[in-house]
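Starting from the structure of chain A, add chain B where the hints point.
These protein sequence lines are chains A and B, in that order.
Heads up: the first sequence is residues 21 to 446, going by the numbering used here.
Heads up: the second sequence is residues 6 to 529, going by the numbering used here.
Quick caveat, the hints were computed from the structure, so don't treat them as lab data.
Idealized CB from N, CA, C, for every residue including glycine.
Check each hint, because a few of them may be wrong.
To give an idea of the interface, some chain B residues facing chain A are shown, with a C-beta separation under 10 angstroms as derived from the structure [what the hints assert, rightly or not]:
no.	residue
1	His18
2	Arg57
3	Thr514
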Amino acid sequence: MSDAVTLISPTTEARPVLRERGQREVFCGLTGIVWLHRKIQDAFFLVVGSRTCAHLIQSAAGVMVFAEPRFATAIMEERDLAGLVDANEELDRVVDRLLSRRPDIKLLFLVGSCPSEVIKLDLSRAAERLTQKHSPSVRVLNYSGSGIETTFTQGEDACLVAMIPEAPVASEEAPASLLVVGTLPDIVEDQFARLFNQLGIGPVAFFPPRNSQSIPAIGPNTKFLLAQPFLGETARALIERGAQHLPALFPFGAEGTTHWLKAAADAFGIPELHFLAVVAPGRERAKRALEAQKEHLAGKSIFFFPDSQMEPSLARFLSRELDMKLIEVGTPYLNRQLLSAEMDYLPETVTLSEGQDVDRQLDRCRAAKPDLVVCGMGLANPLEMEGISTKWSIELVFSPVHGFDCAGDLAGLFARPLYRRSVLKV
Amino acid sequence: MQLTVWTYEGPPHVGAMRIATAMKGVHFVLHAPQGDTYADLLFTMIERRGARPPVTYTTFQARDLGTDTAEIFKTAARDAFERFDPDLMLVGASCTAELIQDDPGGLARALNLPVPTITLELPSYQKKENWGASETFYQIVRGLATEAPAPKPEGAKPSCNILGATALGFRHRDDVIEITRLLNQMGIDVNVAAPMGATADDIRRLPEADFNVVLYPEIADTAARWLERQYGQKAVRTIPMGFQATCEFVREVAALAGVDPEPVLTQHGSHMPWWARSVDSNYLTGKRVFVFGDATHAMAAARVAKEELGFEVVGLGCYNREFARDVRACAAELGVEALITDDYLLVEETIAALQPELVLGTQMERHIAKRLGVPCAVISAPVHVQDFPARYAPVMGFEGANVLFDTWVHPLVMGLEEHLLTMFREDFEFNDAAGPSHLGGHAKVEAAAKPKPEPEAAPVAAQAATQETISVLNWSPEATKELSKIPFFVRGKAKRNTERYAAEQGLETISIEALYDAKSHFAR
Numbered sequence: 021m022s023d024a025v026t027l028i029s030p031t032t033e034a035r036p037v038l039r040e041r042g043q044r045e046v047f048c049g050l051t052g053i054v055w056l057h058r059k060i061q062d063a064f065f066l067v068v069g070s071r072t073c074a075h076l077i078q079s080a081a082g083v084m085v086f087a088e089p090r091f092a093t094a095i096m097e098e099r100d101l102a103g104l105v106d107a108n109e110e111l112d113r114v115v116d117r118l119l120s121r122r123p124d125i126k127l128l129f130l131v132g133s134c135p136s137e138v139i140k141l142d143l144s145r146a147a148e149r150l151t152q153k154h155s156p157s158v159r160v161l162n163y164s165g166s167g168i169e170t171t172f173t174q175g176e177d178a179c180l181v182a183m184i185p186e187a188p189v190a191s192e193e194a195p196a197s198l199l200v201v202g203t204l205p206d207i208v209e210d211q212f213a214r215l216f217n218q219l220g221i222g223p224v225a226f227f228p229p230r231n232s233q234s235i236p237a238i239g240p241n242t243k244f245l246l247a248q249p250f251l252g253e254t255a256r257a258l259i260e261r262g263a264q265h266l267p268a269l270f271p272f273g274a275e276g277t278t279h280w281l282k283a284a285a286d287a288f289g290i291p292e293l294h295f296l297a298v299v300a301p302g303r304e305r306a307k308r309a310l311e312a313q314k315e316h317l318a319g320k321s322i323f324f325f326p327d328s329q330m331e332p333s334l335a336r337f338l339s340r341e342l343d344m345k346l347i348e349v350g351t352p353y354l355n356r357q358l359l360s361a362e363m364d365y366l367p368e369t370v371t372l373s374e375g376q377d378v379d380r381q382l383d384r385c386r387a388a389k390p391d392l393v394v395c396g397m398g399l400a401n402p403l404e405m406e407g408i409s410t411k412w413s414i415e416l417v418f419s420p421v422h423g424f425d426c427a428g429d430l431a432g433l434f435a436r437p438l439y440r441r442s443v444l445k446v
Numbered sequence: 006m007q008l009t010v011w012t013y014e015g016p017p018h019v020g021a022m023r024i025a026t027a028m029k030g031v032h033f034v035l036h037a038p039q040g041d042t043y044a045d046l047l048f049t050m051i052e053r054r055g056a057r058p059p060v061t062y063t064t065f066q067a068r069d070l071g072t073d074t075a076e077i078f079k080t081a082a083r084d085a086f087e088r089f090d091p092d093l094m095l096v097g098a099s100c101t102a103e104l105i106q107d108d109p110g111g112l113a114r115a116l117n118l119p120v121p122t123i124t125l126e127l128p129s130y131q132k133k134e135n136w137g138a139s140e141t142f143y144q145i146v147r148g149l150a151t152e153a154p155a156p157k158p159e160g161a162k163p164s165c166n167i168l169g170a171t172a173l174g175f176r177h178r179d180d181v182i183e184i185t186r187l188l189n190q191m192g193i194d195v196n197v198a199a200p201m202g203a204t205a206d207d208i209r210r211l212p213e214a215d216f217n218v219v220l221y222p223e224i225a226d227t228a229a230r231w232l233e234r235q236y237g238q239k240a241v242r243t244i245p246m247g248f249q250a251t252c253e254f255v256r257e258v259a260a261l262a263g264v265d266p267e268p269v270l271t272q273h274g275s276h277m278p279w280w281a282r283s284v285d286s287n288y289l290t291g292k293r294v295f296v297f298g299d300a301t302h303a304m305a306a307a308r309v310a311k312e313e314l315g316f317e318v319v320g321l322g323c324y325n326r327e328f329a330r331d332v333r334a335c336a337a338e339l340g341v342e343a344l345i346t347d348d349y350l351l352v353e354e355t356i357a358a359l360q361p362e363l364v365l366g367t368q369m370e371r372h373i374a375k376r377l378g379v380p381c382a383v384i385s386a387p388v389h390v391q392d393f394p395a396r397y398a399p400v401m402g403f404e405g406a407n408v409l410f411d412t413w414v415h416p417l418v419m420g421l422e423e424h425l426l427t428m429f430r431e432d433f434e435f436n437d438a439a440g441p442s443h444l445g446g447h448a449k450v451e452a453a454a455k456p457k458p459e460p461e462a463a464p465v466a467a468q469a470a471t472q473e474t475i476s477v478l479n480w481s482p483e484a485t486k487e488l489s490k491i492p493f494f495v496r497g498k499a500k501r502n503t504e505r506y507a508a509e510q511g512l513e514t515i516s517i518e519a520l521y522d523a524k525s526h527f528a529r
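Bound conformation, chain A alone (with noise of 0.2 angstroms):
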């Protein structure tokens, strides 16, 4: 990459993706919960839904938050479905329960499920009934996670696309204000926060905020960048808002942290020799930590199943600045229009597939005897057992991976299964 940074402007031209129907190895966008509670910390999620998805959120998050969770299912049980008991009596009972519990909650989202959407229990009314009855110390809103709609990534998508409406509107005479979309690491938006900072580009706002008292204006002159590839919904909710999007790489690398910290930088005027210097330390840092990765994993192979839709972007960060070789990159849904810059930095070899038929994908995969292989918890073990190396997709959502001082990191979670198979002697 020469110093000098240029956008590149999306091509027309469209590229073959495979697109399978079949049986899909992915969580729903319940998951997303897992995280979103943590990060918004006043807030609490209530599920309406099946015993399955408290067991699903129950084991999608493992042991990590057995401290007191902020989260919590309402179980439909055979009543509420027979139409014994009016399943919104039920629900404003159990709401009570729950916010006298915890009186500390200031916003409460009903998070919508299969069976809630299949009886077609209307979220959005509970909602704003709710919000009537315990306003003004708890705001209610409503989205859905549930499996039928939502993949994974795509409930925390649905999430703030809820609580869009809830963000003060910022007038047409406001200055220029960046928006940072998309949960991140409280330590990652500090470090972007600070680069920022130095640039001279502010105010700065991220979303989801840490506090939903603080949930950032939007007007016209509000700037965004999308620190998540899977947040399509709510780039559209926000440029609804008259929010304009500054599209670029998403910020995995020192490639595409420079790319997005750019748009940020074209938009606001910042001169090209600022910008180069503030981000070249950062970049240098980013770079160093990347070589010592490199001896693991150039020239190896590494095949994805779809998981996050961080895939594309992931993919590209690993072919250009570590030279794996890309053989399948596959992501639950192709957002083409927020992907257009990273499909372009992708090699015209690598097999692009959308959807999932597991099986004939496992097929696929065995065929191509990739180096190293990126999927669920449900097939990681088996592919082990296989002798394939395998790195959880999950802990691609749940580690700081973001900005210049986290690319060694990233790396790290691709190495570390290559070099642990080579340590190993049993």
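Below, chain B alone, put in the same frame as chain A:
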């Protein structure tokens, strides 16, 4: 609707998966949306299985609902049959598919597959995981074990089946090995162990055994009763958990098999009875334990706690209502009230109120105990990755009794250490907050207490870990201070006794005198 923070059991189709995964050559086609595929990780991550569970999910989506979800099911079932070539197919629906009423059974029959296909009715909004496992196993046995056995040749060795072990069970893997070994020592053949490790053909051979050993009634009781009605196979129902129960199990088995129990009973080789009688175990006497889990493990553990370790059982409960009656009877014998609930918050409240010195529970109680600063050992599912040790660690049979002794005693403060803590309350490095000296937990508390650059979550956790439960509401300041001089592992008991004494005596304020009066009162 039921407000649930954590759940002890998954939905019934997860129970069905536990059976399918435990068996060989079985495939389960589950009509379910994509989110339900999370269940795979229970097996591949928690149990570290090196193969995917034999389950095909149809993963229908919202856009399919208006069209033909039934066709999706048929395609999935046909493809699964061709790909996996099973000897037995199971079909069923998860909670969402139950609502759309596609009739997986009828659809599967229409496919005319050349292998037996069993339809599972799993009412997700009424029943739970153990029920689902039990029902699935029962339907498989009923569907396949249809032929009465040929008469046994004269002088054939006695044989039995071992029923109930599944995938994701608490120590099932090692229990089956231990009990098989024990039965073999008694000269009894194990005809079939099922569901774990069994094929469809093995299930067909179940009636050939002379009797059944029901290790896990939650899973196998229904099937065993059917086998008894159908083929006259008696069932051994003593759960061989603990030394005495194992001896009773041996006697019961011997009587059914017509063999002599004495050789095995005299050469049991278990260290447990001597470990319990040896003088250094004296300090275990009267330790107050709270026991909670599935009914089978909880009841067995309560008996071991009381009669084989000399603990005092202060609470007993289970989360599976199906066995509530047995647990109530067991609790009544122990003189405590049974706690039958699947409400995690209620269990937490109960433990906090009882202030036991040791909790024997599930992974849920382990977390409650951790928060309350009480030692804990896990005795029952729901399981976590730690409940699948690499080493051989049964909880049943004679070796199982050894394992119970070790795992329950290990979390406690050791005998002489208790005395030292009592004698020198103010030692700066060896005190209550430091925790048992042979366990590492205390280091974390110290580290978290120091001011750190990122003090976000740490101090809260540390606070919770060392939080004192002394209520100063009607305690005089002097008495409160005196109470704090009592070591943490008996402080709860002292506090409870004193408050009870004060209430009985109608005291408004608890003074130092009341504290010691109570001590002598309860020393009777």
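To see whether the hints hold, each was checked on the structure:
Contact between His18(B) and chain A, as hinted, is supported at the beta carbon level, the nearest pair being about 8 angstroms apart and thus within 10 angstroms. Here the hint on Arg57(B) is kept, as its CB sits about 5 angstroms from the closest CB of chain A, short of 10 angstroms. A least Cβ separation of about 31 angstroms between Thr514(B) and chain A goes past the 10 angstroms threshold, and the interface hint is therefore violated.
Going through the hint list in order, the structure does not satisfy hint 3, though it satisfies all others.
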